[in-house]
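Residues per chain, in single letters:
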Amino acid sequence: MKRTLLILTVLLLQGCAVALSSYIPSFWDDNQSAKIVDISLAVERLDCGQAQAVQVARIRDDLEWFKLYSQGKGSRQTDVLKLTEPMQATVEDWYKRVSAEGYKENKIYCDLKRRVMIEQTQRATKAVLGRF
Amino acid sequence: MSMEQLHWIAGSDKGWAATRAAMVIAITEQFQGGGLDRSEYLEMMQDLVRMDQLDAEADDIELKTMLVSAVYAVAQVV
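Just so you know, the sequences run in chain order A and B. With the first letter of the first sequence counted as 1, position 76 gets the number 76 in the numbering used here; the numbers rise by one all the way through. With the first letter of the second sequence counted as 1, position 52 gets the number 52 in the numbering used here; the numbers rise by one all the way through.
Everything labelled a hint here was simulated from the structure, so no lab data went into it. For every residue, glycine included, the Cβ atom is placed at its ideal position computed from N, Cα and C. Careful, some of the hints might be misleading.
Quick partial rundown of chain A residues pointing at chain B, CB under 8 Å, derived from the structure [stated by the list, open to error]:
{"#": "1", "residue": "Arg60"}
{"#": "2", "residue": "Lys82"}
{"#": "3", "residue": "Met87"}
{"#": "4", "residue": "Glu105"}
{"#": "5", "residue": "Tyr109"}
{"#": "6", "residue": "Glu119"}
{"#": "7", "residue": "Arg131"}
Build out the structure end to end from the sequences listed, making use of the hints.
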């Protein structure tokens, strides 16, 4: 009887912890906050009149840094990882295209892609910096 | 959704929806005018779908942060 009660208590506590953890966001982190602003700045400063590949590679590297750092911090960072996934997909497509051999620079594509990324980074920055 | 509807939303005061509609219009017009090829156009549209996912995740973080802040505030009062 005591053993059953003990098992039930452990299961109940685990259940509560899992349920509670889904309601608790990741908390403020200086490095994540600085990096998301760096990404935002790199997107704002992106000059479509210049070669795109190098500039996009920088944004891609910064996003990769953010992902690796957040993964290294642990499971509580799932929310910020999910937040940056769409940005990573957007920048990855961009990088693949502009770094392909023989790619001919298209300023219109760059301007629109930059506009999309500005929107994404503004939203992500607000969420990351707004954490408790 | 027709372009007329998109133009109406883009010209409205509906915040993010107006911005998003303006983006769809700009991308589509460039595609129709030959500024973007088909693969670039489809990639851009995919990016807009991804923005919805990002919005949902950002809303989730902000809501949870508000919840935690409220719990702390209540705990200080009690």
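Do the hints match the structure? See the list:
1. About 15 Å separates the beta-carbon of Arg60(A) from the nearest beta-carbon of chain B, more than 8 Å, and the hint is not met.
2. At a threshold of 8 Å, the smallest CB-CB gap from Lys82(A) to chain B is about 5 Å, leaving the interface hint in force.
3. At about 7 Å, the closest approach between the beta carbon of Met87(A) and any beta carbon in chain B falls short of 8 Å, and the interface hint on this residue holds.
4. Hint status for Glu105(A): violated, given a least beta-carbon distance of 12 Å to chain B, over 8 Å.
5. The criterion of a C-beta within 8 Å of any C-beta in chain B is met by Tyr109(A), whose closest approach is roughly 5 Å, and the hint holds.
6. Using the Cβ-Cβ criterion of 8 Å, the hint placing Glu119(A) at the interface with chain B is satisfied: the shortest such distance is roughly 6 Å.
7. Evaluation of the Arg131(A) hint against chain B yields a held restraint, the C-beta minimum of about 5 Å falling below 8 Å.
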